[in-house]
Amino acid sequence: MKVLIVDDEMVVRVGLKSIIDWENNQIDLIGEAANGVAALSIMEKNIPDVVITDIKMPEMDGLELIREIRRRNYPTKVVVLSSYNDFDLVKEAMLLGACDYLLKMRVTENVLLETLLQIREKIHIVPTESKEADCLAKSLSFLRQKFLRDLLSLGGEADALFLQLKDILQIQLDPAFICCILVKLAPFSPAKPSPPSEILSSSAVSITEEIIADRFTGHCFLVEKDELCILISPSAQGDFSPTSINQQTDTLLQMLETYLNIHPAAGIGSIINSSSNIPASYAQARTALFLGSIDSENIASIYTYMNFPYIEEIASFTNGKLIDIHIRSILSQTNVCGQLPETFRMLSTLAEDSASDVQFRDHSGVKEGTACFIFTLHVYACILKYFKGYGIDIHTVLPHSIRTLEQVSNLSTDSAAVQWLDGIIDDLSCYLDISRQGNCPLSVRIGKQYIEKNYFQNINVKALADYVHLSPAYFGVLFTQYTGMSIGAYLTKVRIRNAQTLLRENNLKIYEVAQMVGYTNSYYFNRIFKKTTGQTPLEYRNLK
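Here our numbering is used: the first residue of the sequence shown is 0, the next is one more, and so on.
I should point out that these hints are in silico values taken from the structure, not numbers from a laboratory. Don't take every hint at face value.
[As the list claims (entries may be wrong)] Under the rule of at most 30 Å between Cα atoms (straight-line distance), these lysine-lysine pairs were calculated in the DSS-like manner:
#1 K121 with K145
#2 K90 with K145
#3 K44 with K145
#4 K121 with K16
#5 K224 with K16
#6 K508 with K452
#7 K1 with K90
#8 K1 with K16
#9 K447 with K530
#10 K492 with K508
#11 K165 with K121
Generate the whole structure from the sequences, applying the supplied hints.
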């Protein structure tokens, strides 16, 4: 079953697109339109089985759209969207032939899905011709995305291929004005190491296409499971300045965060004047994303970092992912044993070696005199995002070696970079020594911090073990070994301690205190409180 969404509010269109899993429910969302005129333009090429339309829209409203659908004898079912004060218009829509209506403020996943499934039961199977047209459209989309993905690395021969395939693949890009944006959907977190699901990635692509089309022309496609590449050109009447691109990217990230509950980040490359320069803009976007992660910026443009040392070499560096994997592996070992492995202490030696190793430089794509600095920069970036992923203040981990990008730019000689890396290693060693007070591994310390911050939530051993990236059985044994109590006992201790504070300092009802510290059953809370303190909550309050 094919569905078309029509609403002049972009937020409503994005919300409806994101609220249900269209593919798994075998519903094909063929597009969206901002008014009736745009909807009819889509329907001329691909007639939907269902149109979900707003009533009040510019150019052509929902009522006129229904009339036109009926005049053209389209076999399309219409569901109208309405507000509480639109019932007169809803009645008119139903008289014109709408089969159902949805209140905008009451649309949920279940309501929308149930409405569509009921309609599907009443309509015929999609004709074979339509299925073939759908297959053709999907094949075209696949070939277009594959070609655009290839353009990211083609270089010199891209111009001729682009001109040859632009019309065939329906590529909406002006080779004289192209900009690349790279969006990271789920910045690395040790607590959530898995990449986004296919459903999430698909939803992200759909939302991105909607937001970008509001201001530019272009295309969006996945380059990794958790990375979107966006290639854009100016629309007929649009501003295509770096400022306008930044503004629309900011809108995009807000929408992705709102509807997909993720914390995305974006890097923006320069505006280029040839399709053969797409790899350069893509490399710049990746560099901006990388430097922005160090600078704690969720949107970073290459124009901001044009004066940063070795910016071109950073863009062409090819070993960043390998360094990232290596450092994460070492820090994960630290998580278990509670001390810095000897391999980490050897990093400064590796950095020095990289400065003189011709093979390393050639393989990494960097020049002599830059390898040591870039190597250290990648190590530093990896440490930052590792500890930030656990919610640990990086100033407590690297109190003496933390640097802003402006400060980093003054460390671009080999000797300065190695000295900085030595300081990072010293700070990290000191932090781990402090964390091992009482011989406590970092993983146990992180687990205790998590409980202290989230005791009022539903915490279990598996969730906590996942957070520190260890198996539940192993982490449970480790936690008990170094704290002298089980995870459950420690959670109870923290909850009761906070309950005592609430009882002393507030006049809340006992059941309210119970709920605030994570107990839904006040009787159970009373029993646990007395078992822990020797008094009931009421007795404890009366003694304050």
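Now the hints, each set against the structure:
no., hint, verdict
1, K121 with K145, "violated, 38 Å"
2, K90 with K145, "violated, 47 Å"
3, K44 with K145, "holds, 24 Å"
4, K121 with K16, "holds, 23 Å"
5, K224 with K16, "holds, 20 Å"
6, K508 with K452, "holds, 23 Å"
7, K1 with K90, "holds, 25 Å"
8, K1 with K16, "holds, 13 Å"
9, K447 with K530, "holds, 22 Å"
10, K492 with K508, "holds, 21 Å"
11, K165 with K121, "violated, 41 Å"
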